[in-house]
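Based on the provided sequences and hints, a complete structural model is requested.
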Amino acid sequence: MICNKRYSMNSIIENEEICEKPDTLLFILEGKLGRNSFSSLIWKKIWINRFSYGCYSYMNFKLLKERFLREINAYRTAHKVYPLVENLQISKEAQKRAEEIASQKRIMSIEISDYNQIIGSSNLIYAPLMVKKWYDEVLFYNFKFPFFTNRVSNFVKIVWKSTTHVEIVESKCKMFAVLKFSRKIKNPYKFKSIIKSHRANRLF
Numbered sequence: 001m002i003c004n005k006r007y008s009m010n011s012i013i014e015n016e017e018i019c020e021k022p023d024t025l026l027f028i029l030e031g032k033l034g035r036n037s038f039s040s041l042i043w044k045k046i047w048i049n050r051f052s053y054g055c056y057s058y059m060n061f062k063l064l065k066e067r068f069l070r071e072i073n074a075y076r077t078a079h080k081v082y083p084l085v086e087n088l089q090i091s092k093e094a095q096k097r098a099e100e101i102a103s104q105k106r107i108m109s110i111e112i113s114d115y116n117q118i119i120g121s122s123n124l125i126y127a128p129l130m131v132k133k134w135y136d137e138v139l140f141y142n143f144k145f146p147f148f149t150n151r152v153s154n155f156v157k158i159v160w161k162s163t164t165h166v167e168i169v170e171s172k173c174k175m176f177a178v179l180k181f182s183r184k185i186k187n188p189y190k191f192k193s194i195i196k197s198h199r200a201n202r203l204f
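Residues 1 to 204 in the UniProt record's numbering are what the sequence shown spells out, letter by letter.
In short, the hints are calculated from the structure, not lab data.
Hints are supplied without guarantee of correctness; some may be wrong.
EDC-like cross-link-like pairs, simulated, lysine to aspartate or glutamate; straight-line CA separation at most 16 Å [unchecked claim]: (1) LYS32 with ASP136; (2) LYS96 with ASP114; (3) LYS196 with GLU137; (4) LYS133 with GLU30; (5) LYS65 with GLU86; (6) LYS45 with GLU30; (7) LYS44 with GLU30; (8) LYS45 with GLU66; (9) LYS62 with GLU86; (10) LYS44 with ASP136; (11) LYS92 with ASP114.
What follows is the structure in structure tokens.
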């Protein structure tokens with residue numbers, strides 16, 4: 001996933017469906033990485049090429065979604081759980097949900113899916129930070145008394161041991177991202193979740 005001339009903004013045909021065309025390189029995002037130095041290290045490794053919007057939006061945001069998956073799996077590896085793979089079986093459901101949210105222009109909180117899901121929105125220029133922001137809920141996770149709460153729910157879903165597959169979809173213009181994970185966490189407010197702390201020195 002190297003951003004060369006083939007993937008540059010100059011080689012992309014103008015598309016009226018794209019409502020923003022920011023031409024700023026991703027290095028401007030470094031000032032918004034937050035206080036988690038561990039996830040910031042991973043983020044910089046994953047996004048080292050500093051793709052511009054024109055680059056990571058190429059082929060229906062293919063490069064953005066690939067890097068989302070790489071980043072998720074880097075966090076999972078750090079927490080000693082297996083990496084995720086994409087699952088086309090849940091792709092249609094995730095895409096339908098993303099389209100519903102985009103048409104309403106807001107995130108609906110009702111969850112009736114058989115899968116765990118993370119839903120978020122972002123301005124296009126900040127889309128590469130979405131997974132990191134979800135993971136950074138780890139700052140509020142108590143490893144000594146590891147109970148599942150709304151404040152850490154996205155972090156838990158990203159690194160949950162029993163999860164094996166994920167599907168990532170998006171909707172254009174303002175970024176609405178839907179991540180669906182198998183398997184679903186049952187009774188999330190009644191169980192004691194067991195998640196190992198990360199080991200930064202084993203990653204790179």
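Hint by hint, here is what the structure shows:
Between LYS32 and ASP136, the direct Cα distance comes to roughly 12 Å. Compliance with the 16 Å bound is thereby established for this hinted pair. Among the hinted pairs, LYS96 with ASP114 is consistent with the structure: their alpha-carbon atoms are about 14 Å apart, no more than 16 Å. Between LYS196 and GLU137 the CA atoms are separated by roughly 15 Å; this keeps the pair inside 16 Å, and the hint holds. With a C-alpha separation of about 13 Å, the suggested pair LYS133 and GLU30 falls inside the 16 Å cut-off, and the hint holds.
Distance restraint check for LYS65 and GLU86: the Cα-Cα separation of roughly 11 Å lies within the 16 Å cut-off, and the hinted pair is therefore satisfied. At most 16 Å may separate the alpha-carbon atoms for a hinted pair to count; LYS45 and GLU30 meet this at roughly 12 Å. At roughly 8 Å between alpha-carbon atoms, LYS44 and GLU30 fall within 16 Å of each other, so this suggested pair holds. Proximity of LYS45 to GLU66 is assessed by CA-CA distance (about 14 Å); at most 16 Å being required, the pair is judged to hold.
Taken as a hint, the LYS62 and GLU86 pair is honoured in the structure, with Cα atoms around 13 Å apart against an allowance of 16 Å. Restraint check: the Cα-Cα separation between LYS44 and ASP136 comes to about 15 Å, which is no more than 16 Å; the hinted pair holds. Taken as a hint, the LYS92 and ASP114 pair is honoured in the structure, with Cα atoms around 13 Å apart against an allowance of 16 Å.
Of the numbered hints stated above, none is contradicted by the structure.
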